[in-house]
Amino acid sequence: MVNNFIKRAITGVLFVAILVGCILYGAFSFGILFTAISALTIYEFGQLVNMRAEGVQINKTINMLGGAYLFLAIMGFCIDAADSKIFIPYVLLLLYMMISELYLKKENPVLNWAYSMFSQLYIGLPFALLNVLAFHNDPEYSSISYNPILPLSIFIFLWLNDTGAYCIGSLIGKHRLFERISPKKSWEGSIGGGVVAIGVAFILAHYFPVMSMPEWAGLALVVVIFGTWGDLTESLLKRQLHVKDSGTILPGHGGMLDRFDSSLMAIPAAVVYLYALTWF
Numbered sequence: 001m002v003n004n005f006i007k008r009a010i011t012g013v014l015f016v017a018i019l020v021g022c023i024l025y026g027a028f029s030f031g032i033l034f035t036a037i038s039a040l041t042i043y044e045f046g047q048l049v050n051m052r053a054e055g056v057q058i059n060k061t062i063n064m065l066g067g068a069y070l071f072l073a074i075m076g077f078c079i080d081a082a083d084s085k086i087f088i089p090y091v092l093l094l095l096y097m098m099i100s101e102l103y104l105k106k107e108n109p110v111l112n113w114a115y116s117m118f119s120q121l122y123i124g125l126p127f128a129l130l131n132v133l134a135f136h137n138d139p140e141y142s143s144i145s146y147n148p149i150l151p152l153s154i155f156i157f158l159w160l161n162d163t164g165a166y167c168i169g170s171l172i173g174k175h176r177l178f179e180r181i182s183p184k185k186s187w188e189g190s191i192g193g194g195v196v197a198i199g200v201a202f203i204l205a206h207y208f209p210v211m212s213m214p215e216w217a218g219l220a221l222v223v224v225i226f227g228t229w230g231d232l233t234e235s236l237l238k239r240q241l242h243v244k245d246s247g248t249i250l251p252g253h254g255g256m257l258d259r260f261d262s263s264l265m266a267i268p269a270a271v272v273y274l275y276a277l278t279w280f
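For the sequence shown, the positions run 1 to 280 when UniProt numbering is used.
Certain hints may be false.
As the list claims (entries may be wrong) - FRET-style restraints, in silico, Cβ to Cβ:
1. T163 with K106: 41 to 47 Å
2. E107 with I172: 48 to 54 Å
3. H136 with N108: 40 to 46 Å
4. S100 with I6: 43 to 49 Å
5. F28 with H242: 38 to 44 Å
6. P209 with K106: 51 to 57 Å
7. N147 with E107: 44 to 50 Å
8. A114 with L171: 40 to 46 Å
It should be emphasised that the hints constitute simulated quantities derived from the structure, not laboratory data. Glycine included, every Cβ here is placed at the ideal spot set by N, Cα and C.
The whole structure should be built from the sequences, with the hints applied where relevant.
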């Protein structure tokens, strides 16, 4: 028990340090980190479904390359390094995924198509959308600037929400949030975690006035709600595949999907929220 706690603590500290350090250091380290994370998470997903989903055999390497390329393509588009033609290789890769099943004579090509496309939609696209949060057009200087605060804030809100939900849920949690999928989550914990995240949003608003205080609080609320749905979605996936953890790459913490499950819904929701602010 003690050894497992130490293992979890060391892994957790290193994980946070690498993630925060790479986001804050600059655009290059941000791009390298999340290209790798996207590729590894999709590869892990492919390994998981190939082992646990009956009749499924997807090409893990092609799917992994697709996710990595999508991240880099959207990054290139966001920083004006390339126009929309940069997405043509990705479209060709998707076509290859579809057409190749005609010739491979695998047991269940329709499920292979479904899981391959799902890996791109569920994992590849959300990570790629981090670029929309990170890179901003500066009209005053007609240039693109990298701002690490918005992408980092997503993870800060998610971590604080998880910590607050665990602590408060352990103390006073009585009413199950979604017992069919995640028996340990409670309404009290979820509300408590949300309050903690929104409280920190006010602190971020003070030090980083890129948005007003209500807008920061709204972002925290969106991240908390969709992050919880993201967590539940991955729990449903693992129940469907009859596994406890998505992988073993992070000692004491499971796999990449286990660590980023909440962010896979929170990131797209945050992008939509921030665009919505410009509409009103």
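Comparing the hints with the structure gives:
| no. | hint | verdict |
| --- | --- | --- |
| 1 | T163 with K106: 41 to 47 Å | holds (43 Å) |
| 2 | E107 with I172: 48 to 54 Å | holds (49 Å) |
| 3 | H136 with N108: 40 to 46 Å | holds (44 Å) |
| 4 | S100 with I6: 43 to 49 Å | holds (45 Å) |
| 5 | F28 with H242: 38 to 44 Å | holds (40 Å) |
| 6 | P209 with K106: 51 to 57 Å | holds (54 Å) |
| 7 | N147 with E107: 44 to 50 Å | holds (48 Å) |
| 8 | A114 with L171: 40 to 46 Å | holds (42 Å) |
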